[in-house]
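**Student:** Listed below are the residues making up each chain.
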Amino acid sequence: MPVKNQIETTCGYCGTGCGLTIETEDDRIIRVRGNKSAPVNQGQTCIKGAFGYHYIHSEDRLTAPLIKKNGEFIKASWDEAMTFIANKLTQIKEQFSGDAFSMFACARATNEVNYVTQKFTRAVMGTNNIDGCNRT
Amino acid sequence: MDVEKADVLLLIGSNTADAHPIIANRMKKAAKKGLKIIVIDPRKISMTKSAEMHLPLKVGSDIALMNSMMNVIIENKWYNEDFVTQTALNFEELKQHVANYPPATAEVITGVPQEDIIEAARLYAQADRALICYTLGITEHHCGVNNVFDIANMALITGHIGREGTGIMPLRGQNNVQGAGDMGCLPNQLPGGIPLADEPYRNKIEKMWGREINPDVGKTQTGMLEKMEDGSMKALYVIGENPIVADVHQNHTTELFKKLDFLVVQDLFMTETALLADVVLPAKGWAEVEGTYTNTDRRIQRVRKAVPAPGNALDDWKILCGISERMGYPMDYDSAENIWNEVREVAPHLYGGMPYERLDRELSLQYPCPDEKHPGTALIHQELHAKGADRQTAPFTPVDYTAPVEMPDEEYPFTLTTGRRYEPYNTHTQTKYYPDTLKRKQFEETVDIHPVDAERLSLADGEYVRVSSRRGEVTVKTRVTEEVQPDLVFMSFHWNEVPTNVLTINEFDPISGTAEYKACAVKIEKLT
Chain Y
1 MPVKNQIETT CGYCGTGCGL TIETEDDRII RVRGNKSAPV NQGQTCIKGA
51 FGYHYIHSED RLTAPLIKKN GEFIKASWDE AMTFIANKLT QIKEQFSGDA
101 FSMFACARAT NEVNYVTQKF TRAVMGTNNI DGCNRT
Chain D
1 MDVEKADVLL LIGSNTADAH PIIANRMKKA AKKGLKIIVI DPRKISMTKS
51 AEMHLPLKVG SDIALMNSMM NVIIENKWYN EDFVTQTALN FEELKQHVAN
101 YPPATAEVIT GVPQEDIIEA ARLYAQADRA LICYTLGITE HHCGVNNVFD
151 IANMALITGH IGREGTGIMP LRGQNNVQGA GDMGCLPNQL PGGIPLADEP
201 YRNKIEKMWG REINPDVGKT QTGMLEKMED GSMKALYVIG ENPIVADVHQ
251 NHTTELFKKL DFLVVQDLFM TETALLADVV LPAKGWAEVE GTYTNTDRRI
301 QRVRKAVPAP GNALDDWKIL CGISERMGYP MDYDSAENIW NEVREVAPHL
351 YGGMPYERLD RELSLQYPCP DEKHPGTALI HQELHAKGAD RQTAPFTPVD
401 YTAPVEMPDE EYPFTLTTGR RYEPYNTHTQ TKYYPDTLKR KQFEETVDIH
451 PVDAERLSLA DGEYVRVSSR RGEVTVKTRV TEEVQPDLVF MSFHWNEVPT
501 NVLTINEFDP ISGTAEYKAC AVKIEKLT
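Taken in order, these protein sequences are the chains called Y and D. Going left to right, the first sequence walks through residues 1 to 136 as this note's numbering numbers them. Going left to right, the second sequence walks through residues 1 to 528 as this note's numbering numbers them.
Chain Y with its partners taken away, still in its complex shape (with noise of 0.2 Å):
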């Protein structure tokens, strides 16, 4: 018997925030329908919010850390990829200061994950340069 499931979601897309039910079957989506309970879409849904999951499971996804040596990319584990950006970033600050460092945020990344990058950039790297997309 598959595993059939049901996630109440926010869409992804743009920014008016349509709730939307995720199917799935097997840890794969199936279908994503509009929320009738959610406030700002009332179970409509637009193309992109209804069809616009396939990218998820595409074969074409990034699925280990890359290291471009001699022009060529090489997988790496995620210590070897966190330690190499790391020092390369401690080395860049402790040289140039860290305004030689800046950041593109991310305006579809969720809340959580926007606050540790702004940390990450003033705590850790020392400078306010960072911005994102939000601007376009």
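Errors might be hidden in some of the hints.
Said to hold, decoys possible - Using C-beta positions, here's what the derived DEER-type ranges look like:
#1 R440(D) to Q91(Y): 46 to 56 Å
#2 S232(D) to N87(Y): 20 to 30 Å
#3 R31(Y) to P413(D): 42 to 52 Å
Keep in mind the hints are simulated off the structure, nothing from the lab. All C-beta atoms in this analysis are idealised placements derived from N, C-alpha and C, irrespective of residue type, glycine included.
Position chain D relative to chain Y; hints supplied.
**Tutor:** Then chain D, alone, in the frame of chain Y:
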């Protein structure tokens, strides 16, 4: 967002039906019940079908039009005298300023007949409740901030703010534009929507974090690009964004990214931007993570995990915490809820009353919601109507019309304006995976051109042409349509096969840093 309670809606620079379809549905439904919609847009967008009036102004002439509407409103004494006397400052200055924009003058600048300017002014000013909604048609200009000031002037002169069915509503393009800014992902703002310059607030956060916060305002994206150009910006970390395709003057942006010593891109896909990176990190995305978004009318709503992410993809915040720990600053969160509770502690004035458990139960709460008894705040700026000791004031900010930086000329005779279409989303990295069986209107980019221009250039509908600007060129299919005015062409930037942003101009609003996506000069040539 109470469009249902308004009598008049001024819809300016918003292609709502394509960019915010569900909000558009609500507007159309309200129009059937009597809402009068005035569409101010260079294109005959589909919202005009539900509109009382359409003012097809020339691209970038919004200030001339709004100043003229205020000129008419003052001349006819249609403004809200009580509100202006009690609440607004600088009225005399505004009055003198808009005196330079009589409808006859504005007709020449905007191309909108003066009787339509007068009628739109009357409808907006004399309505009991009137609302303004705008989108990037207002902000993506070299004078985007001034455009927004003029919208605020319109709301103040009529008192159409701070009451149900009135106000100013920017419709946000991404699900969490509002939230990203509120969380402090801006160069001048701390989490909680408080300016970096607010020292007591900054000190409070410093204590909580155990680290000092640099008091100097950071760079906007535009400012960062300038620093890349002069070589002083060494490292860039990009999360979930594809600026190589999304930003203006693509060839230039690519050169700047190549100058960086170190580029990290954290994304779901190997985007055009990721290809340039030194390290690419696989992130989890929508339906794979827990958290909250803040929508366009300040609603905090939960997002939930429905499916596992592929391979070793991690939560964005877990990746940042891993790097942070290796740089000597551990951030010990074990869940998104944990982070949210820290946000609530940092900014109780907005989110104090919104634990996950309450959001789960009530679906949606609008901030400010300082404590758990608070119902949330649907309407803001009510204090502008307070009298006596509670009286608050708001200044008019008079502004002048300035033409787009690159106007058409003999060599480049068309104005190109860019925007979104209904089906694809931004750089299409996600929506290109629609199933083939899904019925759609458009499968590739087009240059939308008026029949008069198409005939003059002997172009058939669907014929491929070369569109070029001073910065680059693309080959693209024509779509002959009366949606655009003569001498104006429209393109989106959704399909990377036709990178429209090689054409657009790197001119920016000096305050917001937003680029002038809405106007540049191009020529169109038949392919031989």
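**Student:** Cβ-Cβ distance between S232(D) and N87(Y): within 20 to 30 Å?
**Tutor:** Once the Cβ atoms are compared, 21 Å apart, the range 20 to 30 Å for N87(Y) and S232(D) holds.
**Student:** Is the gap between the beta carbons of R31(Y) and P413(D) within 42 to 52 Å?
**Tutor:** Roughly 49 Å apart at Cβ, these two residues keep to the hinted range, so it holds.
**Student:** Has the hinted range 46 to 56 Å been met by the Cβ atoms of R440(D) and Q91(Y)?
**Tutor:** Cβ of R440(D) to Cβ of Q91(Y): about 48 Å, so the range 46 to 56 Å holds.
Checked against the numbered hints listed earlier, the structure breaks none of them; every hint is satisfied.
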